Amino acid sequence: MNSYFYLILAIICEVIATSLLPVTMGFSRIIPSIACGIGYAGAFYFLSLASVSIPTHVAYAIWCGAGIVLITLIGMFLGKMPNLDTLFGMILIVIGVALINMNSPSLH
37 MNSYFYLILA IICEVIATSL LPVTMGFSRI IPSIACGIGY AGAFYFLSLA SVSIPTHVAY
97 AIWCGAGIVL ITLIGMFLGK MPNLDTLFGM ILIVIGVALI NMNSPSLH
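Following our numbering, the numbering of the sequence shown begins with 37 at its first residue and continues without gaps.
Source of the hints: derived by calculation from the structure; they are not laboratory data.
Keep in mind the model is a prediction, meaning the values are calculated, not measured.
Just so you know, even glycine gets a beta-carbon here, dropped at the ideal spot from N, CA and C.
Hints should not be assumed to be uniformly reliable.
[To be verified] Beta-carbon label-pair distances, calculated as ranges:
id : residue 1 : residue 2 : range
1  : Met117    : His93     : 29 to 37 Å
2  : Ile74     : Ser39     : 19 to 27 Å
3  : Asn139    : Ala71     : 31 to 39 Å
4  : Leu128    : Ile70     : 29 to 37 Å
5  : Ile131    : Ser64     : 38 to 46 Å
6  : Ile67     : Asn119    : 32 to 40 Å
Let the hints inform the model, and build the full structure from the sequences given.
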């Protein structure tokens, strides 16, 4: 399977797990806590599969950057508007991930 597909699955799992963190109430609620743990386990599993052919530093940068941006967008959808510093930081993350991808010799 395509390594970028695995990376997308890793990002989806991580975003779901991170979105569940408040629902776990400090991991005191069993079902959401188990779902959160499964999400993070899936995220690391798929990230490890993606890292077979995508350099780890590239896969991890994409995984982290996409996770941060998507979690912020979900927060915006739920009414938590980021300030200008946060938006500027997200733009820098996207630029940084793009630069890492452009300069990774194994991806060309």
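Quick rundown of the hints versus the structure:
1. Restraint check, Met117 to His93: a C-beta distance of roughly 32 Å satisfies the suggested window 29 to 37 Å.
2. Roughly 22 Å separates the CB atoms of Ile74 and Ser39, a value that falls within the hinted 19 to 27 Å.
3. Distance hint check for Asn139 and Ala71: the Cβ-Cβ separation is about 37 Å, which falls inside the suggested range of 31 to 39 Å.
4. Distance hint check: the CB atoms of Leu128 and Ile70 are about 35 Å apart, consistent with the given range 29 to 37 Å.
5. Taking the beta carbon of each, Ile131 and Ser64 are about 39 Å apart, inside 38 to 46 Å as hinted.
6. Distance hint check for Ile67 and Asn119: the Cβ-Cβ separation is about 34 Å, which falls inside the suggested range of 32 to 40 Å.
Consistency with the previously given hints is maintained throughout, with no hint failing.
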